Amino acid sequence: MRNLVKLAAGLLVAASFMASAASAQTVLRSSDTHPDGYPTVEGVKYFGELVKERTGGRYAVEVYHSAQLGEEKDTIEQVRSGVIELNRVSMAPFNGTVKESIVPALPYLFRSEEHMHKVMDGAIGDQIKTAFESAGLVVLAYYDAGSRSFYNKQKPIASVADMKGLKFRVIQSDIFVDMVAALGANATPMPYGEVYSAIETGVIDGAENNFPSYDTAKHFEVAKNFSLDEHTILPEVFVMNKAAFDKLTPEDQEIFRQAAKDSVAKQRELWAAKVSESRAKIEAAGAKITTPDKQGFIDAMKPVYEKHVTDPVLKKMVADVQAVQ
1 MRNLVKLAAG LLVAASFMAS AASAQTVLRS SDTHPDGYPT VEGVKYFGEL VKERTGGRYA
61 VEVYHSAQLG EEKDTIEQVR SGVIELNRVS MAPFNGTVKE SIVPALPYLF RSEEHMHKVM
121 DGAIGDQIKT AFESAGLVVL AYYDAGSRSF YNKQKPIASV ADMKGLKFRV IQSDIFVDMV
181 AALGANATPM PYGEVYSAIE TGVIDGAENN FPSYDTAKHF EVAKNFSLDE HTILPEVFVM
241 NKAAFDKLTP EDQEIFRQAA KDSVAKQREL WAAKVSESRA KIEAAGAKIT TPDKQGFIDA
301 MKPVYEKHVT DPVLKKMVAD VQAVQ
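Each residue of the sequence shown is one higher than the last, beginning at 1 in this note's numbering.
I should point out that these hints are in silico values taken from the structure, not numbers from a laboratory.
On a predicted model such as this, the values are computed, not experimentally measured, just so you know.
Backbone N, C-alpha and C define an ideal beta-carbon position, used for all residues, glycine too.
In silico PhoX-like pairs for lysine-lysine, Cα to Cα no more than 20 Å straight-line:
hint	residue 1	residue 2
1	K261	K129
2	K224	K164
3	K167	K153
4	K247	K129
Derived DEER-like restraints, expressed as beta-carbon distance ranges:
hint	residue 1	residue 2	range
5	G193	G296	31 to 39 Å
6	A181	I289	20 to 28 Å
7	Q322	P250	32 to 40 Å
8	S66	E269	16 to 24 Å
9	D293	G122	29 to 37 Å
Build out the structure end to end from the sequences listed, making use of the hints.
Put into structure tokens, the structure is as follows:
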């Protein structure tokens, strides 16, 4: 009888342990350079909510916004090495690592945001996702970042001639450096978090970005001339460390992929609203928006394409993008 009691007690302890193990939660860390409330931050948060719900709480996502884990260049290395599991970052910093990522970063490639959506949601987007795996990353989603334009503290820019001699901060990408040079200006790659003080102190004259970033980073305070040249419509990429993804069960992998896909619609909705809100805010604050002769900017990009689109794979990708209607 005593042995039966011990056995029953042992079974209860074992059952309790298994229940505890089954309810254990794995917390995944995700980085973003933008502040809390920014559409990309909220997109990843929504992804985390869906993952938590659909895995019964077995997985949760902690989003470290405002570059708490470092600037994008640092967090890219962190996610590739597995120090963090997830990262939302611009596509351009991957240009030197994943050659296929060069294509979405090319100036004036996409005709509109709708065109970009069709491309990135289709076969070309899938081709880029596959290419990222060789860098130890799984692309879960492409997020909106709108169109990028130049802004500066010196003068309005109405034509390419107005760019001459100005110093602009750019993303740490050779394409962006060469794009600025082709326009007669000088490019200074630097981390996003250093831009405000660099403009304020005269290290640079301005930068290039979208309305929400121009607003939330408060660059409109120190560079009030915004030129709506819309040189790139560059998607953001939400990636996961491949080793961490491969450890998931096939069922959980599908949950992660579907949650990311579902978060895209949410992020795009938030993005569209934020663009309108930010434009109204910066105009009310006295920023001057100029719409330049865009054709002059487009014509100046020929040497950029000649330098960066030499590989047959990239040439075909560019042609395929341009063929998407």
